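Read off the chains here:
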Amino acid sequence: MYEQRLGTLRSLVHPALAILLPFTFLQAFDAVVRLGIFSGLLPPAPTGFLFVVFLMGASRTAIANFLSRERVSGLFPRLREAILTLAAALVLLTFLSARPFHGDFNPLQYDMIWPMLLCASQWLFTLSVQARLRPRELFLSLLSGKAGHALKNAARDAGGEAGEAHEGLGKLSTLAVVLELFVILPYIGLQAALVIQGFSPPAMGVTARVLLYAVAGVAFLVIMNGFKEEQLHLLEGIAHDPHQAIRRSAGPLAGICSLFLVALLLPGRSALLPLSALARFLNWLAHLIPPAQPIEAPQIARQPGNETGAGIFNGSQFGLPEVHESPLLGQILHIVGIILAVAVAAGILFFIVRPLFSRDARRSARRLHPLRRAVRNVRLILRFLAHLPRAISAWMRTPGKSLSAIPRAIIDGLRESIAERRRAASGGDRTRRAARSRAVHEFRRLARWGRKGGIALTGTEGPMEYARLLAAHAPEKASALSQAALLFEELVYADAPAERGERALSRIVDGIVR
Amino acid sequence: MSEIREWAVSFIASVRSVFQGREETVEKVLVALLCRGHVLIEDMPGVGKTMLARAVASSVGGKFSQLQCTPDLLPADVLGVSIYNQARGDFEFREGPIMTNVLLVDEISRATPRTQSALLEAMAEGQVSVEGRSMPLPDPFLLIATESPVESEGTFPLPEVQKDRFFLSLRLGYPDRGAELAIMLQQRRLETPLSLVRPVAGMAELVEMQRQVLTVHVSPLLRRYILGLVTATRLDARLALGVSPRGSLALYKGAQALAAIRGRNYAVPEDVRDIALPVLLKRMIVKEDASSQGMTEEAIVKELLEKVAVPPMDTVAG
Chain A
1 MYEQRLGTLR SLVHPALAIL LPFTFLQAFD AVVRLGIFSG LLPPAPTGFL FVVFLMGASR
61 TAIANFLSRE RVSGLFPRLR EAILTLAAAL VLLTFLSARP FHGDFNPLQY DMIWPMLLCA
121 SQWLFTLSVQ ARLRPRELFL SLLSGKAGHA LKNAARDAGG EAGEAHEGLG KLSTLAVVLE
181 LFVILPYIGL QAALVIQGFS PPAMGVTARV LLYAVAGVAF LVIMNGFKEE QLHLLEGIAH
241 DPHQAIRRSA GPLAGICSLF LVALLLPGRS ALLPLSALAR FLNWLAHLIP PAQPIEAPQI
301 ARQPGNETGA GIFNGSQFGL PEVHESPLLG QILHIVGIIL AVAVAAGILF FIVRPLFSRD
361 ARRSARRLHP LRRAVRNVRL ILRFLAHLPR AISAWMRTPG KSLSAIPRAI IDGLRESIAE
421 RRRAASGGDR TRRAARSRAV HEFRRLARWG RKGGIALTGT EGPMEYARLL AAHAPEKASA
481 LSQAALLFEE LVYADAPAER GERALSRIVD GIVR
Chain B
515 MSEIREWAVS FIASVRSVFQ GREETVEKVL VALLCRGHVL IEDMPGVGKT MLARAVASSV
575 GGKFSQLQCT PDLLPADVLG VSIYNQARGD FEFREGPIMT NVLLVDEISR ATPRTQSALL
635 EAMAEGQVSV EGRSMPLPDP FLLIATESPV ESEGTFPLPE VQKDRFFLSL RLGYPDRGAE
695 LAIMLQQRRL ETPLSLVRPV AGMAELVEMQ RQVLTVHVSP LLRRYILGLV TATRLDARLA
755 LGVSPRGSLA LYKGAQALAA IRGRNYAVPE DVRDIALPVL LKRMIVKEDA SSQGMTEEAI
815 VKELLEKVAV PPMDTVAG
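Residue numbers (our numbering), protein chains in the order written: chain A, 1 to 514; chain B, 515 to 832.
For reference, chain B alone in the conformation it holds in the complex:
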C-alpha cells in the first residue's frame, strides 16, 4: 500500500497546487475515485467546485468533459445521439459528453428529472443504453456533480433517494484568509492555474490501485462498528429515513480506500470515523419536527459518532 500512499500524496499536492481548499476535501474526492464512486458537491457559488473537479481530472490524466445543466438539457445531449450521415447514407452515433473519464456536471439541479435520471442510471449501471444499444462507460469513470443550495427557483433539486447513489457528498465552505489570498495571487498570470497541473498517474495505474484497495482488510470488529453506526441511524427517532445497505457498503469501501491512502493494508476506526460524515450525510432524511428545531443530518451524524461504541474500545473502557 505504500505505492498508493505515495501516489495519494502526489495527487493531493497536485490538486492543491490550484485548489486552495482543505486537504481533507481533496482526500475525500480521492477516496471516491479509488472506490469507483461519484461525488456530489453542495455549496455556495464561487467557492471552487469547478476548479476542484478540473484539477482532479487534470491530475488523473484522463479525458475530461463538463456539462452545464440547463432546464432544456435533454438526455440525448448527455448520452449521445444518432445523426444521419448523408454522404454514407446511414446513421452515425455521436457519443455524448458522458463518454469520458471525469465528467463534471455543473448545477445538476437545473437539469430536468428526466435528464437527471439518465445521468444517475449511467452512474449506477456503468453503461449507457441508446436506441437499444448498450455502451459501457470508460474505465475509470468519475462523475462530480455540483449543486447550489441557494438557488431554488427554476430548479429540480435531487430527491434524497437519488442522492443515495452518490458515494459521498461534500461541502467546501469558504476558504480561509490565507487560501483566499493565495487564490488572488494565482490570478496574476495570464495562463489559467490549471495549465500548470500535470497528471500524476495513468489510467491503467489508477485501475490497478482501485483493485488493490479492495484487498484492504476490514476486521470483524470494524464491520460491527459500521453496522452499529448505520443501525443507529435507522433507529433514531429524529430521522424519517435511515442509511440504506448501500450506505453501509459505501462506508465499508470508503474505510478501505482511506486506509490504503494512509499506507495501511487494514482499516482502523479512525478511517471509518473520518469518512462517515461525507458518506452518510445525504443518505438520511430528518423529520420535519426535528428539522424545525434546528436538527440537521450533520449534527445527527456527529452525535452518533460520539455515542456509538468502537469495538473493542468499549471493552477497554470497561
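Pulled out of the complex, with its shape left as it was, chain A reads as follows:
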C-alpha cells in the first residue's frame, strides 16, 4: 500500500466519483423530465446551467477536503457551506440567464427553481457519496506503508474499518442501481408512450444523455466491485497491483463500449442499422452460396411513410440484387433478431438490477423503509426542539460561556436520548441477555469447529484473538472469522448491539463451519 496511491484516491479518484455519478444522473434525469409530461411545466433553463450543477459538486469535494484537513466537522459548518454555495449558484445562474444585462437583477425567478433543485441535489448527492467513501480512506490509511505479513495483520486488526468501508461501497452500488432505474425506466416508458400516441420520437440528444448516465452508472458499479475485491485482497495481505486493476477494468469497459454500440444499433424509427438491412446482408451472403430455393428478406414492419423500406443502408445503394424471398426464413430471422435484442436488453437489466437483491441491499431496504425513516426524522426534530430551551437556559445560567456551548449541549442531549432509545429498543436487560446467550451459542459452534481442527479454545483468550488463531490455520475463512468475532464482541460487550445481529452471526458461522 503506497501513500502516493492513497493521496491520489483522496484528492482525485474519490472526489471524481462523488461528482460524476450524481452529475451524470442529474443531467439524464433533467432530460427525461423535460421529455415527459413536465416539459410543458418547466421553463427552459439558462444556457450552461449544467455547468453550474457540476460546479456545485466540485466545490463540495474541495470544501470537504479542506474541512477534513482543518478537522472541522458537524452540522453547522456544512449548513453554512450549503447556504453559501447555493447562494453563489443562484447568482451564477442569474447571470447565465442574461437578465442582469437587461437591468433585471432579481434572482427569484420561476425558471431558477428547477436548476436550483438540481444544484441542491448535486450537493446532497456528492456529500452522501463522499461520506460513504470516507471509511474506505480511513481503512486504507491504516494500511499505508505496510506490506506482506504486516499488511495482512494490519488489515485484520482494522476489521471494523474494513466492514464499514465494505458497507459504504455496498450502499453506493445500491444508489447507482436505484438512480439507473429512476432514469432508464421512465425514459423507456415515455418513449413507448410517445410512439404509441403517434408523436415524434425523442431527439438523439435526449437518448444520448440517458445513455451517458447508463454507461456512467455501470462503470461506477464496476469500480465499486473493484474496490470491494481490492479490500478482500488486502485482508489476505495482497497489496494493490495497478496493472492488474487496469487489466481487470479493460474487460468491463470494453463490454460497456460494445453495449453502447448495440444500443445505438437497436432498431427504432430512425435506427442507424434496421433489421431489414441485416436481412438484406444475410441474403447477399446466401446468394454467394447457390441456394436450393430462393430466400426471402424478413418482413419488417414498415414505419408509416417508409413503405418502400428505404433506410440509410438501402440495399439497392450497394448494388445488392433483388432476390425472391422465402417467408419462412424471413420470419425465422425476424424472430431470432427480436430474441437476440430482448436477450441483450434482459442481460443489461439483470446486470443492473442484480445488486438490488443482494443481502446488503435487502438489509438496507428494510432499514430504509420510508415510513420508518420519516417517523425517525420527525422524532429527531422534536427531540431537537425539546433540548433547545434546556440548552439555552443552561447557557444563561453560566456566565462567560460562549454561544457555541448551546449547540454542543443540544448535540450531547440528542446523543444521550438516542442512546437511551436504543437501549429501550433492544428491550432492556432481558432481551440483551437473550441475544448474548444466542451469540455464545453460535461462538460455541465455532469453537467446536476449531477444536476439530486442533485449535481448542481455552477461555483465556479474547474473541478476536481466537479468531486470529483460527484464521492462521484456515486463511480462506479469515475474513468471515474476523466478521464473526466482531459481531460476537458487539453482541456481548456493546451497550446497544445491532438489531438481529445474532442472525447475521449465525449465517456467518454457518458459512465457516460448513
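Errors might be hidden in some of the hints.
[Said to hold, decoys possible] From the structure, some residues in chain B lie toward chain A, with a derived Cβ separation under 8 Å: (1) P559; (2) G560; (3) G575; (4) F578; (5) L728; (6) H731; (7) L735; (8) E784; (9) R787; (10) V822; (11) A823; (12) D828.
[Stated by the list, open to error] Each computed SDA-like pair below joins lysine to any residue, with the alpha-carbon atoms no more than 25 Å apart: (13) B:K816 <-> A:G454; (14) B:K821 <-> A:S437; (15) A:K452 <-> B:P825; (16) B:K801 <-> B:G742; (17) B:K821 <-> A:K171; (18) B:K821 <-> A:I455; (19) B:K821 <-> A:L142; (20) A:K477 <-> B:D828; (21) A:K228 <-> B:V523; (22) B:K821 <-> A:R445; (23) B:K677 <-> B:K801; (24) A:K452 <-> B:R519; (25) B:K677 <-> B:D788; (26) B:K801 <-> A:L142; (27) B:K816 <-> A:T458; (28) A:K228 <-> A:A480; (29) B:K577 <-> B:A718; (30) B:K821 <-> A:G454; (31) B:K816 <-> A:A472; (32) B:K816 <-> A:A154; (33) B:K677 <-> B:M613; (34) A:K171 <-> B:E517; (35) A:K228 <-> B:D828; (36) B:K821 <-> A:R436; (37) B:K816 <-> A:A456; (38) A:K228 <-> A:L142; (39) B:K821 <-> A:K477; (40) B:K677 <-> B:G692.
Bear in mind the hints are in silico, worked out from the structure with no lab data behind them.
Being a predicted model, the structure only gives us computed values, none of them experimental.
Think of the CB as a built atom: it goes at the ideal place given N, C-alpha and C, for glycine as much as any other residue.
With chain A held as given, fit chain B onto it using these hints.
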C-alpha cells in the same frame, strides 16, 4: 468515535514521522493522553525517550517544557517562585516549567525525593500550591517522566508506591534495523526532524475527546475481567504487593481509551489485554525470593493474562 479514530491515526502518523519506534508505544502514550494520565518511560539512554516526548508535544500543539533533573533541583525550580520586583515594590510570582501542557521530566530519578514529591503531588492534584496559593495546572496536562535503569549511583529511584501514580509505564527497547537506518537518514538535514511535525489537534479538541472517552461503554462482563486480573495479582504468592484500586481504575479507563482509538464506543477484552501490561507493570512488587529466581513483573502479568478467564469465553469453552 470515528472522529477520535481519525484523529488517533493522524496523531500516531505525526509522531512516527520522527520517532522510529513501534506503533504500539505511541498508541499507549495516546491512551495516557486521552485518560488524563501520565507516563513513565524506563529505558536505556539514547533509545528516543526525549524524541518521543517532544514529538507528542509537537503533535498535540500545546505548550511544551522540559525539565532536566539534577540532584540540586529544588521544588521551587519546578513549581515556580516569587521574586521581589524592585521597580514595583512587591513580589512577583514567576511560574515554573510545570505550568505547561506537556512536561518532559528527564531522568526523574536524579532529582531529590523532595522535588519528586512536589512533581508527583502536582500530578495527582492537578494543581500546585506555592506560598499558600493554589494554582491549577493547564488543561490538558501530560507529564512524561523518563528513568534510566542502568545508572544507579547518585540517583533516587522512584519508590514503587510513587510509580503507582503514573498511568502507565513503557519500555521502548532498541529500534529494529530498519528503524535505526531511518533514524540515520533523518539526520541528513540541518534542521531537526521535530521541526517537520505539525499539530494535529487543538487543546479544546483534545479536551472534548477526553470527555468522549469517558462515555465508552464497559460491560459488566469486562469489569468482572478487570477485577479478576487485579485480584489475581493480590493473591499471587510471588508478589509482595498486588495492584491497587488505582490500578484497576487505570485499566478500566485505559480500555475505554483504547476502544475509542480503535473507533468503538464499547470496550472488548482485547482492549483490556493490550493495555494490561503497561498499566500493571509498575504497580506490583515481586518478592525477593521470586525475583532471585528470575521472576519479573512482566512475566507475571503475561502469565496472568494466560490464566485468568475472559467472560464469557470461559462459558463458550465449556
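Given the hinted pair B:K816 and A:T458, is their alpha-carbon gap at most 25 Å? Cα-Cα ~15 Å, so holds.
25 Å limit on alpha-carbon distance, applied to hinted pair B:K821 and A:G454: Since the Cα atoms of B:K821 and A:G454 sit roughly 20 Å apart, the hinted pair holds (cutoff 25 Å).
Pair hint B:K677 and B:G692, alpha-carbon separation not exceeding 25 Å: It is violated: about 33 Å lies between the C-alpha atoms, which goes past 25 Å.
Regarding the hint that B:F578 lies at the interface with chain A, is the smallest CB-CB distance below 8 Å? Since the shortest Cβ distance to chain A is 20 Å, the answer is violated.
Restraint check for B:K677 with B:M613, where alpha carbons must lie at most 25 Å apart: Between B:K677 and B:M613 the Cα gap is close to 22 Å, so the pair holds against 25 Å.
Would you mind confirming whether the straight-line C-alpha gap from A:K452 to B:R519 stays at or under 25 Å? It is violated: about 38 Å lies between the C-alpha atoms, which goes past 25 Å.
Return the status of the interface hint for B:A823: holds when the least beta-carbon distance to chain A is below 8 Å, violated otherwise. 5 Å, holds
Hint check: B:K816 vs A:A154, CA-CA at most 25 Å. Holds or violated? The hint holds at about 23 Å.
Agreement of A:K228 and A:L142 with the hint, judged by alpha carbon distance not exceeding 25 Å: Satisfied, since the Cα-Cα distance of roughly 17 Å is no more than 25 Å.
Straight-line Cα separation of B:K801 and A:L142 no greater than 25 Å? Violated. B:K801 to A:L142 sits at ~42 Å, over the 25 Å cutoff.
Decide if the proposed pair is consistent with the structure: A:K477 and B:D828, CA atoms, cutoff 25 Å inclusive. 24 Å, holds
Is B:K677 close enough to B:K801, meaning Cα to Cα at most 25 Å? Roughly 17 Å separates the two Cα atoms, so the pair holds.
Consistency note: the structure conflicts with the earlier hints numbered 1, 2, 3, 4, 5, 17, 19, 24, 26, 35, 39, 40.
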